[in-house]
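Participant: Sequence:
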Amino acid sequence: MSSIDVLADLWRRSCWSDPWHGSSLGALLRDVDAATAAAHPIEGGHSIWEVVLHLTGWTDEVTRRLAGHAPAMPQAGDWPAPAEPGADHWQETLGALAEAQGRLERAIVEFPAERLAERVGHERDAPLGTGVSYEGLIQGSLQHNAYHGGQIALLRRAAGRP
612 MSSIDVLADL
622 WRRSCWSDPW
632 HGSSLGALLR
642 DVDAATAAAH
652 PIEGGHSIWE
662 VVLHLTGWTD
672 EVTRRLAGHA
682 PAMPQAGDWP
692 APAEPGADHW
702 QETLGALAEA
712 QGRLERAIVE
722 FPAERLAERV
732 GHERDAPLGT
742 GVSYEGLIQG
752 SLQHNAYHGG
762 QIALLRRAAG
772 RP
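Residue numbers for the sequence shown follow my numbering, so the first one is 612 and each next one is one higher.
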């Protein structure tokens with residue numbers, strides 16, 4: 612298996628399948644309703660909905676970078692505010708995440724393996740995710756999914772959804 616194939620497989624698993632670390636994002640979100648998604652069961656914490664919007668924005672930003680664009684914050688911002696709570700808006704939010712995940716998977720598959728060691732941005736800026744290789748950027752996205760998947764699992768439990 613090539614490095615690209617491994618990264619694409621890991622991405623797929625983190626989104627929809629069977630990652631090593633536990634449940635995929637898709638499995639964690641599958642039965643979350645709009646009310647649970649909008650809830651703030653942990654004082655001062657984000658809602659599941661906010662986490663999903665954050666994941667969507669950063670997934671799209673990584674896709675942009677793999678396409679050769681200069682690093683930037685996600686177009687909608689780091690932590691965009693959810694739309695008016697409701698089942699339709701929640702389903703749109705989940706659909707946007709799935710579409711962003713699919714776009715990034717395709718971008719990984721199409722990325723030239725010989726460019727994986729090239730740097731993204733010149734200076735190390737952890738919040739912006741620059742100063743790492745393209746391979747590091749993709750691995751960071753995998754870590755981002757795992758981290759926020761853990762948050763979603765805890766938020767589900769705090770909201771009474773095991």
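These aren't lab readings, by the way, just hints derived from the structure by calculation.
For every residue, glycine included, the Cβ atom is placed at its ideal position computed from N, Cα and C.
Hints are supplied without guarantee of correctness; some may be wrong.
To be verified - Derived DEER-like restraints, expressed as beta-carbon distance ranges:
1. Ala681 with Pro773: 18 to 28 Å
2. Glu703 with Gln750: 42 to 52 Å
3. Arg730 with Ala694: 15 to 25 Å
4. Ala724 with Asp644: 17 to 27 Å
5. Gly679 with Arg772: 36 to 46 Å
6. Trp631 with Glu721: 41 to 51 Å
7. Arg735 with Arg772: 35 to 45 Å
Participant: Is 35 to 45 Å right for how far apart the beta carbons of arginine 735 and arginine 772 are?
Facilitator: This hint holds: roughly 38 Å between Cβ atoms.
Participant: Within 17 to 27 Å or not, the Cβ separation of alanine 724 and aspartate 644?
Facilitator: 41 Å, violated
Participant: Kindly confirm whether 15 to 25 Å is satisfied by the beta carbon distance between arginine 730 and alanine 694.
Facilitator: Check failed, 36 Å falls outside 15 to 25 Å.
Participant: Is 18 to 28 Å right for how far apart the beta carbons of alanine 681 and proline 773 are?
Facilitator: Since the Cβ atoms of alanine 681 and proline 773 sit about 43 Å apart, the hinted range of 18 to 28 Å is violated.
Participant: Could you tell me whether the CB distance from tryptophan 631 to glutamate 721 stays inside 41 to 51 Å?
Facilitator: 25 Å, violated
Participant: Holds or violated: 42 to 52 Å for the Cβ distance of glutamate 703 and glutamine 750?
Facilitator: With a Cβ separation near 29 Å, glutamate 703 and glutamine 750 fall outside 42 to 52 Å, so the hint is violated.
Participant: A range of 36 to 46 Å was offered for this pair. Does it hold for the Cβ distance of glycine 679 and arginine 772?
Facilitator: 41 Å, holds
Of the numbered hints listed earlier, those contradicted by the structure are 1, 2, 3, 4 and 6.
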